[in-house]
Amino acid sequence: MSKEKLLDIEKLTIHYVTDDGVVCAVNDLNLSLDRGETVGLVGETGAGKTTTALGILRLVPNPPGKIIGGKIFLDGENLIAKTESEMRKIRGNKVSMIFQDPMTSLNPVIPIGEQIAEVISLHERVTAKEALKKAEEMLEKVGIGAERSKEFPHQFSGGMRQRVGIAIALACNPELLIADEPTTALDVTIQAQVLELMRGLKKEFNTAMIMITHDLGIVAKICDKVAIMYAGSIVEFADKYDLFKNPKHPYTVGLFGSIPNIKNDDDTLKPIMGLMPDPSNLPSGCPFHPRCEQAGAECAQVVPANVDIGNNHFVKCVLFRKQEVE
Amino acid sequence: MTEKLLEVKNLKKYFKTAKGLLHAVDDINFSINKGETLGLVGESGCGKSTTGRVVLRLLEASGGEVLFNGEDILQYNKKQMSAFRENAQIVFQDPFASLNPRMSVSEIIAEPFIINKKSMSKTERYQKVKKLMETVGLASRLENTYPHELDGGRRQRIGIARALALNPSFIVQDEPVSALDVSIQAQILNLMEDLQKEFGLTYLFISHDLSVIKHVSNNIAVMYLGKIVEMTDFSSIFKDPLHPYTKALLSAIPIPNVDDDLERILLEGDVPSPIAPPPGCRFYGRCFMRKDICKDVTPELLQVSEGRYCACHVVHGQDG
Ligand SMILES: Nc1ncnc2c1ncn2[C@@H]1O[C@H](COP(=O)(O)OP(=O)(O)OP(=O)(O)O)[C@@H](O)[C@H]1O
Ligand SMILES: Nc1ncnc2c1ncn2[C@@H]1O[C@H](COP(=O)(O)OP(=O)(O)OP(=O)(O)O)[C@@H](O)[C@H]1O
Ligand SMILES: [Mg+2]
Ligand SMILES: [Mg+2]
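Residue numbers (this note's numbering), protein chains in the order written: chain A, 1 to 326; chain B, 1001 to 1320.
Because the hints were derived from the structure by calculation, they are not lab data.
Check each hint, because a few of them may be wrong.
With a Cα cut of at most 35 Å, we get these calculated DSBU-like pairs of lysine-lysine [to be verified]: (1) B/1079 <-> B/1122; (2) A/270 <-> B/1131; (3) A/270 <-> B/1295; (4) A/263 <-> B/1079; (5) B/1247 <-> A/203; (6) A/245 <-> A/263.
Interface residues of chain A toward chain B, partial, derived using beta-carbon atoms under 10 Å [said to hold, decoys possible]: (7) 118; (8) 159; (9) 190; (10) 216; (11) 218; (12) 220; (13) 240; (14) 243; (15) 256; (16) 262; (17) 273; (18) 274.
We put the CB at the ideal spot given by N, CA and C, even for glycine.
Sequences and hints are given; from them, build the entire structure.
This is the structure:
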């Protein structure tokens, strides 16, 4: 099967302008994704993951947020150039999103079946009855009996609410699904159920997915590619196997050194020193250099180029510049 | 020579609720040796925090014994309790909620000395605070800052410094790193390990994260709906889990390793309500190994082999 590009983000930059200064949440971010493929977007608190997702959907709250520059091509069309009414046709239809806390996206006073049907009616020419029928099918697909479609969100557990969120997001068979920490609020056994469900549905519908997470274990389980995000930009991007076996960027290496490994009895943690930088006051040069044990004088001065070290493995670090000439 | 610092016997904590009696902690037994860590792991609502609180008598138990150095602290009078409180401390998940926002870092760390009416001069107290800040890795320039100005990792360091102030021998760590990013989490876990070695501390370490629990613990107790279902030393639980719930929990952890293709056990359904639970095994409804007996008879936590305990009819049946 030939790979076909679905999403291509070029130099996306998003700021929040606040009284306390300008928060540079996303800086010159590049990311691309093929049809049906899953990329894990990994980073710690404040790295800019959610802002990136909201940027793709053009839902960055404005004010204070503003897309400063860049292009987001979906199926070859630049979303940044779309009007709001065009975007409304795209959201929930071609691109949809699942949030960490499904309660924030569910309406507490509308039965869940109706909420799913609403999304379907918005994007497809169907009668109300057909929409409701399709909604019930979606519920069955996420493992909730159709007979519960008249119940309200609070009557469901956290895991089931997240399933409803998934049903809504997939109701119109989107080409791209953005899942923002969809299982962070769930217990591990429930998380395992939800991840398994997402993996199955993704395959069935051939949906591409951006899986936002801080958990490298989740990435190992369900992603094809991995993008490691730090201070608003992607510092390393590679095929999952490449990245796990051969992490290159000192930040990525540090992340792996920070997680206790249950497969290994001798697991001395090698934490990254220091703290995430304040995005309203980013360091010059490489944003990671103040915490980097391998940083040289140059790292404080130049923003490293994004270098392909082979096999579509990209690293933004001067240590890997040598290969640039090849 | 190992010596028990804490021994918990038939401990129970029930809450009265509108819908009935909630069995938050239901007849549990465990002990912790001096200088060691018992990891208490389980999913949300299984009773971990309640256990931690009852053991320190921040909540009154509904029944059972909490032996600390051989004495049942549940029988202690007020005076004995205040001595115990100095010796046994707690660190919470969200340090922010437990830190007074109007107090500076040094005031917060000094507070235990004042509350417990330690007679010492101001300079002496200041010296102690400085030393504590150094011990937990807080730069001295932060002494006059306020909690809201600091990140989660530093706030947790304040919580730890305060817990250490009165030279305790025992600390309940209630999800101390769960709110932190992994790179910061690793810093704090290493700090706790160092402190344990330096001061010979004993920990009851509560977490829902089995990989963290494994990293810090000597022994591990797995809790499910108010009951301990399995208790064992840290390595065998991962190599050879006995209880079906432990098996499922382990297989549910996403391991950051791309070669891993463990067979996954997906549990059906959700955790049932802890209110007026029926007799029988609490895990019955979700169990993939259940037998008829499990429905009506509550399994006891019994020894399976040296140092290994499990509460499961099926496991015991197979063994004998
Ligand atoms: N509405 C807003 N106003 C001002 N700053 C904001 C706003 N939303 C986000 N930010 C800031 O932008 C930066 C990136 O935030 P974002 O939520 O995208 O991070 P994230 O990677 O999703 O983090 P998390 O893992 O905590 O969800 C942070 O510093 C955050 O404080
Ligand atoms: N003060 C209280 N009154 C009534 N019920 C309570 C009270 N405190 C806790 N509970 C209940 O007791 C049970 C155990 O709660 P506990 O907080 O000990 O769980 P936990 O294992 O620490 O969970 P988590 O991982 O979410 O922190 C839960 O069902 C909880 O709702
Ligand atoms: Mg986010
Ligand atoms: Mg708790």
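Structure-based check of all given hints:
1. B/1079 <-> B/1122: Holds: residue 1079 of chain B and residue 1122 of chain B sit about 26 Å apart, inside 35 Å.
2. A/270 <-> B/1131: OK: residue 270 of chain A and residue 1131 of chain B at ~25 Å, within 35 Å.
3. A/270 <-> B/1295: violated, 46 Å
4. A/263 <-> B/1079: Distance of about 47 Å is beyond 35 Å: violated.
5. B/1247 <-> A/203: Within the cut-off at roughly 27 Å; holds.
6. A/245 <-> A/263: OK: residue 245 of chain A and residue 263 of chain A at ~15 Å, within 35 Å.
7. 118: violated, 26 Å
8. 159: Constraint on residue 159 of chain A satisfied, holds at 6 Å.
9. 190: Holds, about 7 Å.
10. 216: holds, 4 Å
11. 218: With Cβ-Cβ at 5 Å, under 10 Å, it holds.
12. 220: Hint on residue 220 of chain A: holds, closest Cβ of chain B at ~5 Å, below 10 Å.
13. 240: Holds, about 6 Å.
14. 243: holds, 9 Å
15. 256: Residue 256 of chain A check passes; min Cβ-Cβ to chain B is 7 Å, inside 10 Å.
16. 262: Interface hint status for residue 262 of chain A: holds (5 Å vs cutoff 10 Å).
17. 273: It holds, given that the least Cβ distance between residue 273 of chain A and chain B is near 8 Å, below 10 Å.
18. 274: holds, 9 Å
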